[in-house]
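Novice: Using the hints provided, position chain Y relative to the given structure of chain G.
Chains as they are written, first to last, in my numbering: chain G, 2 to 113; chain Y, 1224 to 1333.
Honestly, the hints are just simulated from the structure, not real lab data.
Note that the structure is predicted; figures quoted are calculated from it, not measured.
Hints may be right or wrong, so weigh each one.
[Stated by the list, open to error] Derived DSSO-like pairs (lysine-lysine); straight-line CA-CA distance at most 30 Å:
no.	chain 1	residue 1	chain 2	residue 2
1	Y	1249	Y	1273
2	Y	1273	G	58
3	Y	1290	G	58
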Amino acid sequence: KAGVTQTPRYLIKTRGQQVTLSCSPISGHRSVSWYQQTPGQGLQFLFEYFSETQRNKGNFPGRFSGRQFSNSRSEMNVSTLELGDSALYLCASSLEGRFEAFFGQGTRLTVV
Amino acid sequence: QQPVQSPQAVILREGEDAVINCSSSKALYSVHWYRQKHGEAPVFLMILLKGGEQKGHEKISASFNEKKQQSSLYLTASQLSYSGTYFCGTESGGSYIPTFGRGTSLIVHP
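Pulled out of the complex, with its shape left as it was, chain G reads as follows (with noise of 0.2 Å):
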């Protein structure tokens, strides 16, 4: 079964500009999360989407957003921005947002 896929892998914008990071999840996994990973703060959580509904926000500003389409894609979208956000952004998708999750290989995002 194919695993989670995250388009694109690497990603290089300039400050201020927005970016949009895309995940096909497992077939039949109904939950998307999404994380940030950096050196200085480790993995943090974002949002978790289930059936197209932001289910859970992590604490980030709201230059942080993302939906979810009915086939339970998820995109991640950051606008204006800034020199913190580099960093390797990942999603997970799950049957149920509570068990087991399994991750993409995540968006490696630069910004300059």
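Specialist: Frame of chain G, contents of chain Y only:
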């Protein structure tokens, strides 16, 4: 607040055992454990729900002591493939908002 993991790093020889601890200042509903190899995605190992249960995954098992608000991951007879960074993720309360430890780097030598 992030849960605190200890130790920060462990170096073992194949066949040795290791214990990684994860402590929280908050009452916990669940604890998740993951392993991440360099340049790869984290891999889910197991989840433990409050109730003091213990779970196993091959030669890796874990316990959850909700009174002490801590969990321990036990790696028995370590293999080279166990090398990586181990993270615990904790959840307090009823909503799924996990908070992760900073990770424990495990290196297994032949």
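Novice: Compare the structure with the hints numbered earlier in the document and write down the numbers of the violated ones, lowest to highest.
Specialist: The structure conflicts with no hint, since it agrees with every one listed earlier.
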